[in-house]
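Student: Each protein sequence line maps, in turn, to chains U and Z. UniProt numbering puts the first residue of the first sequence at 1, with every later residue one more than the last. UniProt numbering puts the first residue of the second sequence at 1, with every later residue one more than the last.
One or more hints might be untrue.
Note that the list lumps identical chains together, so a pair holds whenever it fits in one copy or between two copies.
Taking lysine-lysine and the BS3-like style, the derived pairs with C-alpha atoms no more than 25 Å apart in a straight line are [what the hints assert, rightly or not]:
1) K405 / K302
2) K152 / K37
3) K255 / K152
4) K33 / K22
5) K152 / K36
6) K385 / K302
7) K385 / K370
8) K33 / K152
9) K30 / K287
Keep in mind the hints are simulated off the structure, nothing from the lab. The structure presented is a predicted model; accordingly, all values stated were derived computationally and were not measured.
Number of protein chains: 2
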Amino acid sequence: MNIAAPSIENAGPFTRACGWHKLLPNKIVKMAKKIKKLGQDDPRRIIHSLKVGLALTLVSTFYYIQPLYDRIGENSIRVVITVILVFEFSVGATLGKGLNRMLATLSASALGVGVHHLATLFGEKGEPIVLGFFVAMIAATVTFVRFFPTMKARYDYGLLIFILTFSLVSVSGYRVDEVLHMAHQRVTTIIMGSFIAFVTCICIRPVWIGEELQNLIANNIEKLGNFLQGFGSEFFKISEDRQPLSDMAFIQGYKSLLTSKNNEETMANLARWEIWHYRFGLFHPWKQYVIIGILTRQCAYKIEALDNYLKSEIQTLNEFGRKIQEPSTKICSESGEALRELASAVRKMKQPTSVNAHIENSKTAIENLKFMLDTYDLEDANLQKIIPSAEVTLTLIDVVPCIVKIADAVQELASLAHFKTPATSVSP
Amino acid sequence: MNIAAPSIENAGPFTRACGWHKLLPNKIVKMAKKIKKLGQDDPRRIIHSLKVGLALTLVSTFYYIQPLYDRIGENSIRVVITVILVFEFSVGATLGKGLNRMLATLSASALGVGVHHLATLFGEKGEPIVLGFFVAMIAATVTFVRFFPTMKARYDYGLLIFILTFSLVSVSGYRVDEVLHMAHQRVTTIIMGSFIAFVTCICIRPVWIGEELQNLIANNIEKLGNFLQGFGSEFFKISEDRQPLSDMAFIQGYKSLLTSKNNEETMANLARWEIWHYRFGLFHPWKQYVIIGILTRQCAYKIEALDNYLKSEIQTLNEFGRKIQEPSTKICSESGEALRELASAVRKMKQPTSVNAHIENSKTAIENLKFMLDTYDLEDANLQKIIPSAEVTLTLIDVVPCIVKIADAVQELASLAHFKTPATSVSP
Chain U
1 MNIAAPSIEN
11 AGPFTRACGW
21 HKLLPNKIVK
31 MAKKIKKLGQ
41 DDPRRIIHSL
51 KVGLALTLVS
61 TFYYIQPLYD
71 RIGENSIRVV
81 ITVILVFEFS
91 VGATLGKGLN
101 RMLATLSASA
111 LGVGVHHLAT
121 LFGEKGEPIV
131 LGFFVAMIAA
141 TVTFVRFFPT
151 MKARYDYGLL
161 IFILTFSLVS
171 VSGYRVDEVL
181 HMAHQRVTTI
191 IMGSFIAFVT
201 CICIRPVWIG
211 EELQNLIANN
221 IEKLGNFLQG
231 FGSEFFKISE
241 DRQPLSDMAF
251 IQGYKSLLTS
261 KNNEETMANL
271 ARWEIWHYRF
281 GLFHPWKQYV
291 IIGILTRQCA
301 YKIEALDNYL
311 KSEIQTLNEF
321 GRKIQEPSTK
331 ICSESGEALR
341 ELASAVRKMK
351 QPTSVNAHIE
361 NSKTAIENLK
371 FMLDTYDLED
381 ANLQKIIPSA
391 EVTLTLIDVV
401 PCIVKIADAV
411 QELASLAHFK
421 TPATSVSP
Chain Z
1 MNIAAPSIEN
11 AGPFTRACGW
21 HKLLPNKIVK
31 MAKKIKKLGQ
41 DDPRRIIHSL
51 KVGLALTLVS
61 TFYYIQPLYD
71 RIGENSIRVV
81 ITVILVFEFS
91 VGATLGKGLN
101 RMLATLSASA
111 LGVGVHHLAT
121 LFGEKGEPIV
131 LGFFVAMIAA
141 TVTFVRFFPT
151 MKARYDYGLL
161 IFILTFSLVS
171 VSGYRVDEVL
181 HMAHQRVTTI
191 IMGSFIAFVT
201 CICIRPVWIG
211 EELQNLIANN
221 IEKLGNFLQG
231 FGSEFFKISE
241 DRQPLSDMAF
251 IQGYKSLLTS
261 KNNEETMANL
271 ARWEIWHYRF
281 GLFHPWKQYV
291 IIGILTRQCA
301 YKIEALDNYL
311 KSEIQTLNEF
321 GRKIQEPSTK
331 ICSESGEALR
341 ELASAVRKMK
351 QPTSVNAHIE
361 NSKTAIENLK
371 FMLDTYDLED
381 ANLQKIIPSA
391 EVTLTLIDVV
401 PCIVKIADAV
411 QELASLAHFK
421 TPATSVSP
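The following block holds chain U by itself, in its conformation from the complex (with noise of 0.2 Å):
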């Protein structure tokens, strides 16, 4: 198709080794910059991956020496296993798995034993005939009970290694003697694996999914907030100076979190695993989150309305425009302000304290609007030149409401969670 190609097909083996060696280079040079933006993204992929080598390292010198391979003995290799298995990137994903591994394996093991000891009573026909069945039935009750939205979030992993170790211990049982010291062995490495992992995982480095998810809503209200106040001064003012929006990628950072609802339920079903971090602890409401997760989308949806008037073709403004434009930069800006206030309360698990104050002046600052839309004269003015502008005030009173609402869900997230107060508002 192109002139390249063709020289290098029709050329000797030799020639055509040649012209691959040319193009090689290029793609390495290619797939050398994709990783180094990968590593240079979140330089902490790059540690979470040492930290898996150094755990399976650690994990298979039971293996190599002696004296330790001589206490596990074979088993040894099901630590390992367990380690690669159960290692994830965040502390809550890892303990999660590894919790929901061990209880599997206990819970399944003993079943298995339990079952095992049943079929044998049935002497030797009866004897697979009954593990068959009891497998069977199990299998099926536990991979319906998989698809409980509830189950399903936290207990998938465990569900799935409860059939496996159920079916293992009472299908292998049928020819191993002793069901009750494999079971036993069983559990003890995938404990001793489990191990391996956690500490690994919380002693160098330590990812926890709480502190993301805590950034994550924080950054997703700032991205609303820089948004309004963009909008704002680049709407009202450019209409009159038109230039190019420099910052519009910052402006519109709040796109990402229109469809963010997923990451955030799983963030938080990972989050209540990590008990052991120093500033949640065991009964953080992780939930609250996830709720002004969806107040914050709501908005967002709002605002994804008032997107599409910057891309389009404003013109400059008319005498309407003028008039709205005083409250309306009031909107946003005063919003604006309380959405960050709100997101770094949310960061820094603080009380907000100026948040009301920049919410009743942006309610101010609506009653203004209504008031002049309500006493507007519109003698010898044009409909469709009205309102553009007209629309973007109405979204504005809109969006309020909106802040309102997010405002109560961190407020209520404060006092779940006893965020602090700032040392100012102490009474004397």
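With chain U held as given, fit chain Z onto it using these hints.
Tutor: Just chain Z now, with coordinates in the frame of chain U:
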């Protein structure tokens, strides 16, 4: 706190047990209802659970029946494990996991055997050091590769199994003499297990994730159409004769698609594995469904703005409202019809026929509206009373280009996937 609780707490053990007895049936009934609902919502869940039970019973016969056991031996337990781990709800997920597991085991076993042979060259003392170095290095590298979004989407499970198998083969190779034999057995049992899972999954009432995705996308488009048609009749008519919106839930069905992005992407990734599906085949353009999904969502964000007007207190239509009523209802019904037709085209894989006509009708209605807005006499009008209706109108005008984009994307899908042309439009 309440009255019933203390009476149980203070009573003797027998009465207490009776109290629980009374509470228990309630809980059981509730639970039973939940289970029933889960099964009724999607009866395929029950079938899937039974399929898993069946596959496990099938595969565990390897263990019970002596001649079969003699052939495969203890390793047959790995067949059981593979079936449990690979068997998923949809064919795509099962194939994806199975192929990932097979390929990863194959390549990692080969690499593990190679590294084992290399390590033996370094003598008895050097061997564990070389092995440890390779395990750490390869585990760290592959763990890092798992962070690449493209790899994570399709090969995450395979990469995990790669680390697992490589560590297993190279580490346990230190103690086992016949590394090659061990690796070979591993590969064979995993291939056997995967195939048993494939056959059970595909042959008994299979759930094709590709069909699910197609239906999801078609339903989403249809939900937009339902909203627009419902909105047209509700907003402009109910305002005259205000009644409760009976089918509000039906109209607001579109809300589910606001956050379904991740879901659609996951489904498209899984659908690619279903290369044996009779209707889609190997090169079905799954990416295009994701694109249509994105465009549908953009349209839904705009519709979300309209939805607010259904909820807010609507005053009876004023003179302005009556003037825009006819062209606005026209836009709603025509674009709703276009969307329904597009949905049906995606669902039935047939070229859409009358979509363009409907879109043209909407465009004509838009021109009428624009002309009306331009020439409307605003004398004696109150801006705040006019604006809600005017805003609805402008949003509707904004929605039509979105629908055109969806129509173009569906058209592209139709040509990429060779949708059938309807029999009626065949030229003589």
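Student: Now, for every hint given, state plainly whether the structure supports it.
Tutor: Here's how the hints hold up against the structure:
Taking the closest pair of Cα atoms, K405 and K302 come within 25 Å of each other both inside a single copy (14 Å) and across two copies (22 Å). Proximity of K152 and K37 under a CA criterion of 25 Å is satisfied inter-copy only: 16 Å between copies versus 34 Å inside one chain copy. For a Cα distance limit of 25 Å, the shortest separation of K255 from K152 across copies, 23 Å, qualifies, whereas the shortest one inside one copy, 28 Å, does not. Within a single copy, K33 and K22 get their C-alpha atoms as close as 18 Å, which meets the 25 Å cut-off; across copies the closest is 67 Å, which misses it.
For the identical chains of this complex, K152 and K36 are inter-copy neighbours only, at 17 Å across copies versus 35 Å inside a copy, given an alpha-carbon limit of 25 Å. Within a single copy, K385 and K302 get their C-alpha atoms as close as 22 Å, and across copies as close as 21 Å, so both meet the 25 Å cut-off. Proximity of K385 and K370 under a CA criterion of 25 Å is satisfied in both settings, with 19 Å inside one chain copy and 11 Å between copies. Taking the shortest Cα distances, K33 and K152 sit within 25 Å of each other only across copies (19 Å), while inside one copy they are farther apart (38 Å).
Taking the shortest alpha-carbon separations for K30 and K287, only the inter-copy value of 24 Å comes in at or below 25 Å, while the best intra-copy value is 42 Å.
Against the hints set out earlier in the document, no violation occurs for any number.
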